[in-house]
Amino acid sequence: QKEVEQNSGPLSVPEGAIASLNCTYSDRGSQSFFWYRQYSGKSPELIMFIYSNGDKEDGRFTAQLNKASQYVSLLIRDSQPSDSATYLCAVKGGTGTASKLTFGTGTRLQVTL
Amino acid sequence: EAQVTQNPRYLITVTGKKLTVTCSQNMNHEYMSWYRQDPGLGLRQIYYSMNVEVTDKGDVPEGYKVSRKEKRNFPLILESPSPNQTSLYFCASSLLDRDNEQFFGPGTRLTVL
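Line by line, the protein sequences are chains X and F. Under the numbering used here, the residues of the first sequence are numbered 1 to 113, in order. Under the numbering used here, the residues of the second sequence are numbered 1 to 113, in order.
Derived from the structure by calculation, the hints contain no laboratory data. Some hints here could point you the wrong way.
Said to hold, decoys possible - In silico DSS-like cross-links for lysine-lysine, where the CA-CA straight-line distance does not exceed 25 Å:
no., chain 1, residue 1, chain 2, residue 2
1, F, Lys18, F, Lys65
2, F, Lys57, F, Lys71
3, X, Lys100, X, Lys67
4, X, Lys67, X, Lys56
5, X, Lys100, F, Lys69
6, F, Lys69, F, Lys57
7, X, Lys100, F, Lys71
8, X, Lys100, F, Lys17
9, F, Lys57, F, Lys17
10, X, Lys100, F, Lys65
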């Protein structure tokens, strides 16, 4: 079982719609959860992080965390063509790995006009 | 400007010819890490360092070496590169705290012929 799992996509949504990206993780000791956006050939850039159960909102982005279900998601409201990228879920602080960041393989999002 | 720099950005080399990819950060971060990114496999950690003279293996350390003689620098050394080390490499750094994001360098695209 992969430590951090994401659907590779592509996830295609029309402009203006809500994009929902999902991620599950295996280590119950994981403490904080990050969403990165990566454009093709570029380096990952942080969108937001979350460490408490529930929702965290930042502009058009909402991260949702459910530690009991070992599930974290990212919602993008009013999706724009510029949101088309690969979204990487990353998990930090699992058992014996205080600072290590473990990445999923990413979900490719396509926002269509 | 706070940043992580890597050099070179692109490198084509031949099997067995030793090479070094440099990484430097100006944010006084304790934690530094090297990743490789391959299609379908995501970002995988090669080595990491939690402070000067403290380094440890990540998930895919075979064929790589690192050193951390200064806090700002974390070079990646390939003593005898092989074609299976053809990949996109990223250096990243962060503070050690749980919720601090990792900042990524621009990436180094390495081709080993």
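Hint by hint, here is what the structure shows:
no., hint, verdict
1, Lys18(F) / Lys65(F), "11 Å, holds"
2, Lys57(F) / Lys71(F), "18 Å, holds"
3, Lys100(X) / Lys67(X), "18 Å, holds"
4, Lys67(X) / Lys56(X), "14 Å, holds"
5, Lys100(X) / Lys69(F), "21 Å, holds"
6, Lys69(F) / Lys57(F), "17 Å, holds"
7, Lys100(X) / Lys71(F), "18 Å, holds"
8, Lys100(X) / Lys17(F), "31 Å, violated"
9, Lys57(F) / Lys17(F), "23 Å, holds"
10, Lys100(X) / Lys65(F), "18 Å, holds"
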